[in-house]
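Chemist: If you want the building blocks of each chain, they are given just below.
Number of protein chains: 2
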Amino acid sequence: MKKTDILVIGSSAAGLVAALNGKRMNPEKEVTVITKQAKTMIPCGIPYIFGSLESSDKNILPSSTMFEANGITEMIAEVLKIDKDNRKVVLSGGEEITYEKLVIATGSQPISPKWLPGIDKKNVFSVPKDKVYIDEMKAKLQGLKRIVTIGAGFIGVEMSDELNKVGKEVTLIERLPNILGLAFDEDVAVRCQNVLSERGVKIMTGVSVKEIIGEDSVKGVLLENGERVEADAIILSLGYIPNVDLAKEAGLQISDRGCIMVDEYMRTDEPHIFAIGDCAEKRDFVTRKPSCIMLASTACAEARVAAMNLYKLSAIKTFSGTISIFATAIGDHGFGVAGLTETIAQLENFDYVTGEFEGVDRHPGCLPDAHKQFVKLIVGRESGVILGGEVAGGLSAGELTNTIGMIIENRMTVNSLLLLQIGTHPLLTASPAGYPLVKAAENAAMKMMK
Amino acid sequence: MKKTDILVIGSSAAGLVAALNGKRMNPEKEVTVITKQAKTMIPCGIPYIFGSLESSDKNILPSSTMFEANGITEMIAEVLKIDKDNRKVVLSGGEEITYEKLVIATGSQPISPKWLPGIDKKNVFSVPKDKVYIDEMKAKLQGLKRIVTIGAGFIGVEMSDELNKVGKEVTLIERLPNILGLAFDEDVAVRCQNVLSERGVKIMTGVSVKEIIGEDSVKGVLLENGERVEADAIILSLGYIPNVDLAKEAGLQISDRGCIMVDEYMRTDEPHIFAIGDCAEKRDFVTRKPSCIMLASTACAEARVAAMNLYKLSAIKTFSGTISIFATAIGDHGFGVAGLTETIAQLENFDYVTGEFEGVDRHPGCLPDAHKQFVKLIVGRESGVILGGEVAGGLSAGELTNTIGMIIENRMTVNSLLLLQIGTHPLLTASPAGYPLVKAAENAAMKMMK
Numbered sequence: 001m002k003k004t005d006i007l008v009i010g011s012s013a014a015g016l017v018a019a020l021n022g023k024r025m026n027p028e029k030e031v032t033v034i035t036k037q038a039k040t041m042i043p044c045g046i047p048y049i050f051g052s053l054e055s056s057d058k059n060i061l062p063s064s065t066m067f068e069a070n071g072i073t074e075m076i077a078e079v080l081k082i083d084k085d086n087r088k089v090v091l092s093g094g095e096e097i098t099y100e101k102l103v104i105a106t107g108s109q110p111i112s113p114k115w116l117p118g119i120d121k122k123n124v125f126s127v128p129k130d131k132v133y134i135d136e137m138k139a140k141l142q143g144l145k146r147i148v149t150i151g152a153g154f155i156g157v158e159m160s161d162e163l164n165k166v167g168k169e170v171t172l173i174e175r176l177p178n179i180l181g182l183a184f185d186e187d188v189a190v191r192c193q194n195v196l197s198e199r200g201v202k203i204m205t206g207v208s209v210k211e212i213i214g215e216d217s218v219k220g221v222l223l224e225n226g227e228r229v230e231a232d233a234i235i236l237s238l239g240y241i242p243n244v245d246l247a248k249e250a251g252l253q254i255s256d257r258g259c260i261m262v263d264e265y266m267r268t269d270e271p272h273i274f275a276i277g278d279c280a281e282k283r284d285f286v287t288r289k290p291s292c293i294m295l296a297s298t299a300c301a302e303a304r305v306a307a308m309n310l311y312k313l314s315a316i317k318t319f320s321g322t323i324s325i326f327a328t329a330i331g332d333h334g335f336g337v338a339g340l341t342e343t344i345a346q347l348e349n350f351d352y353v354t355g356e357f358e359g360v361d362r363h364p365g366c367l368p369d370a371h372k373q374f375v376k377l378i379v380g381r382e383s384g385v386i387l388g389g390e391v392a393g394g395l396s397a398g399e400l401t402n403t404i405g406m407i408i409e410n411r412m413t414v415n416s417l418l419l420l421q422i423g424t425h426p427l428l429t430a431s432p433a434g435y436p437l438v439k440a441a442e443n444a445a446m447k448m449m450k
Numbered sequence: 451m452k453k454t455d456i457l458v459i460g461s462s463a464a465g466l467v468a469a470l471n472g473k474r475m476n477p478e479k480e481v482t483v484i485t486k487q488a489k490t491m492i493p494c495g496i497p498y499i500f501g502s503l504e505s506s507d508k509n510i511l512p513s514s515t516m517f518e519a520n521g522i523t524e525m526i527a528e529v530l531k532i533d534k535d536n537r538k539v540v541l542s543g544g545e546e547i548t549y550e551k552l553v554i555a556t557g558s559q560p561i562s563p564k565w566l567p568g569i570d571k572k573n574v575f576s577v578p579k580d581k582v583y584i585d586e587m588k589a590k591l592q593g594l595k596r597i598v599t600i601g602a603g604f605i606g607v608e609m610s611d612e613l614n615k616v617g618k619e620v621t622l623i624e625r626l627p628n629i630l631g632l633a634f635d636e637d638v639a640v641r642c643q644n645v646l647s648e649r650g651v652k653i654m655t656g657v658s659v660k661e662i663i664g665e666d667s668v669k670g671v672l673l674e675n676g677e678r679v680e681a682d683a684i685i686l687s688l689g690y691i692p693n694v695d696l697a698k699e700a701g702l703q704i705s706d707r708g709c710i711m712v713d714e715y716m717r718t719d720e721p722h723i724f725a726i727g728d729c730a731e732k733r734d735f736v737t738r739k740p741s742c743i744m745l746a747s748t749a750c751a752e753a754r755v756a757a758m759n760l761y762k763l764s765a766i767k768t769f770s771g772t773i774s775i776f777a778t779a780i781g782d783h784g785f786g787v788a789g790l791t792e793t794i795a796q797l798e799n800f801d802y803v804t805g806e807f808e809g810v811d812r813h814p815g816c817l818p819d820a821h822k823q824f825v826k827l828i829v830g831r832e833s834g835v836i837l838g839g840e841v842a843g844g845l846s847a848g849e850l851t852n853t854i855g856m857i858i859e860n861r862m863t864v865n866s867l868l869l870l871q872i873g874t875h876p877l878l879t880a881s882p883a884g885y886p887l888v889k890a891a892e893n894a895a896m897k898m899m900k
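Quick note, the sequences are listed as chains C and L, same order.
Anchor point for the first sequence: position 9 equals 9 in our numbering, and the numbering is continuous, going up by one each time.
Start counting at 1 in the second sequence, then tack on 450, and there's your number in our numbering.
What the hints contain is simulated information worked out from the structure, not anything from laboratory work.
Note that the coordinates shown come from a computational prediction; the quantities given were computed from them, not determined experimentally.
A portion of the hints provided could be inaccurate.
Claimed, not checked - When the alpha-carbon atoms are kept at most 20 Å apart in a straight line, the in silico SDA-like pairs for lysine to any residue are as follows:
| id | chain 1 | residue 1 | chain 2 | residue 2 |
| --- | --- | --- | --- | --- |
| 1 | C | Lys450 | L | Arg625 |
| 2 | C | Lys58 | L | Ala820 |
| 3 | L | Lys531 | L | Glu545 |
| 4 | C | Lys450 | L | Asn476 |
| 5 | L | Lys486 | L | Asp570 |
| 6 | C | Lys312 | L | Met896 |
| 7 | L | Lys564 | L | Ala488 |
| 8 | L | Lys508 | C | Lys58 |
| 9 | L | Lys538 | L | Ala820 |
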């Protein structure tokens, strides 16, 4: 029987960061990572394998190198069972490994829509975080022209844009009234939609797919409204479900939403076992409700928290709730959201106002590469606390969205944004007189005064 | 005698924002702005008039339009005198205007190095915020090939890069060992220097100019070391001095550094007169010492504070000190700094550690437009509070620098950065496992533990 101190299952973003930080915090401990495939892909980079990147080999996490450089043992194997009472795991080859601390970072897998007839036909794909699958899929797509993507979340949108970029005829089908409709409010979602459709992706919203049609191979989809869309391949991008079989069978507590229950230190109900990333339960920073966010960035933050609390709890190193912070790029347009959207604020019955501002992300606005820049803030009416924000602009939108994340995390208010100290530069940001966070706050302040 | 309620002298960034916000906060009041020239340039856009922009007409603040739209009176005139006892100003035409509240936003002008022989020769220029001067200068430079820029602060660097872009032979001369040596620590300054010099600007550092040579017209400069650099034109960019003559003659208190003394509400020692922007005294957020920052972004923040406190003070709407936040771009490289540099931390005798991280601003790093991204944080050793940070990367560096500004403003610590929640995207940011603010904080934390 092998013996290790810290055992991490999974080597994607969460597992990688947990192993590295676990070792850094506990240099005297032996750290072992078990991973199913020798090469783990950068999860958010997967859509770009189909366009911007030559192959999946350009989208590999440098885990093995980093593990070796940091004295961490990597094993390529599948874990069959967690035996929590004896603090050991059983591998597919029958081998057993004991641990002092176990970190479960088993991630998630694509939702398979079993209710949709035809999903087993040839050339129906999903987008799993599985290099072997993705390589085969990329090879098969090479010869196929007409693609239908079902589901317009981030993966569906990014896959559609990348396949369009390499000359495919892409139709993106979404049940909701807007693409990215769960991430953004309509005013921002429509901007994404316009950009994507100008780039050549055919977008159909507010329609459901009834059936995938064809014989052996896909021929297209039949919509609920009777319409048919012809296709040589279908990409299912309907979201992901957490991989919790191992945890469930081990008797760890699973939440109603099907995630591994964890506390603010990322501990499961068994004190020596931690769970992080897509498989772990999250609580929203603002709504305090369970959150179904699955993001590598969130996973990495959780991994850091777990690593810092493995052997001794540190009261200040806890997680006060997940702030969902997303961003995406379509061409040279960037879109982002942090915290609550207005839709969620309404749904959750917050007393809120919004503050909006549209300006330009350069000054003067006639400088090359200038983009319109729209910011919307969601503000607690009584407190002035910023609950969320959305950005549509150029490629600085990613970091600007992170700034909004920071505003939410620090529970900053409209008043503090009115006084916000920022730096501006003609080629890098909006003008100081028209900085979007301040101007959107002014807009919100006006509404609060009324 | 004319009468107004709120009178603003100056319509650059500070004056513009003070007038607009003064009116917004006090819609029943009459607001008048006095400005010397009909068109006011966007101050930080001035260097770009010489390269990226066709003409200064592309770099105009939309003040007149905005004043008109908001019911603000604009007068083109020069103020000769402030009579604070009678609450009135006297204009160049002899006209007098009384006010209830006066906001002085008279800005700054280039330092004229009287100690340097030859500054009165033909084709020796400075970079004032004066459209007529800038237009004439641009016209004259058209026919001249060899340019020497003296002084490698932001204006000197940006002027050099822009003139180089349009085919001039530019030599940038700096007395300090590095360009941008007052803004950045050497490790970041050297990166700027390398980029600028790769683009074709000849850089001479650690040398002083002894004399500007030539007959009537400039022929070049003579250096302290005896060397000569030939030139058809000289650009002096040695910094700016505040315009305080009016305030001084009115008997308002002037600081040792020559700025108008103000309190946290931006009031001068005369309670009905406010001063904002380059002409107003500043106190550094971290060192608590007077600061000689002159930035449009700071000016706008001060303008907002003044506008909110004109008629009634609001205790929560004050300025707790200036955080210097700068950014610049050279080609597709972005550089920024917020708060203290290590040089200043050392000089001021802070007990500090630094945290550094170099990664890539895309993930995977082989994506198009990926840049190396270096972040350095300055951290109070005992408290872990973030005192400052520097960024060298791609064009997202501007907003990333603003994030550091937000970290400083919220007095966030290394511990909170270790848990930081961020959003990442392959085409917009560094990877979640290698997000520079978190990684630099980890680096600092390691040093603090030792």
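Chemist: Check the hint pairing Lys450(C) with Asn476(L) against an upper bound of 20 Å on the C-alpha distance.
Modeler: Since the Cα atoms of Lys450(C) and Asn476(L) sit roughly 14 Å apart, the hinted pair holds (cutoff 20 Å).
Chemist: Hint check: Lys531(L) vs Glu545(L), CA-CA at most 20 Å. Holds or violated?
Modeler: holds, 11 Å
Chemist: Regarding the pair Lys508(L) and Lys58(C), is the alpha-carbon distance no greater than 20 Å?
Modeler: violated, 42 Å
Chemist: Between Lys450(C) and Arg625(L), does the CA-CA distance stay at or below 20 Å?
Modeler: violated, 56 Å
Chemist: Does Met896(L) sit within 20 Å of Lys312(C), going by the straight-line distance between their CA atoms?
Modeler: Holds, at about 17 Å.
Chemist: Just to be careful, I want the Cα atoms of Lys538(L) and Ala820(L) compared with a cutoff of 20 Å; is the pair within it?
Modeler: Violated, at roughly 57 Å.
Chemist: If you draw a straight line from the CA of Lys58(C) to the CA of Ala820(L), is it 20 Å or shorter?
Modeler: holds, 13 Å
Chemist: Is the Cα-Cα distance between Lys564(L) and Ala488(L) 20 Å or less?
Modeler: The hint is violated at about 30 Å.
Chemist: Between the alpha carbons of Lys486(L) and Asp570(L), is the straight-line distance 20 Å or under?
Modeler: violated, 24 Å
Checked against the numbered hints above, the structure violates hints 1, 5, 7, 8 and 9; every other hint is satisfied.
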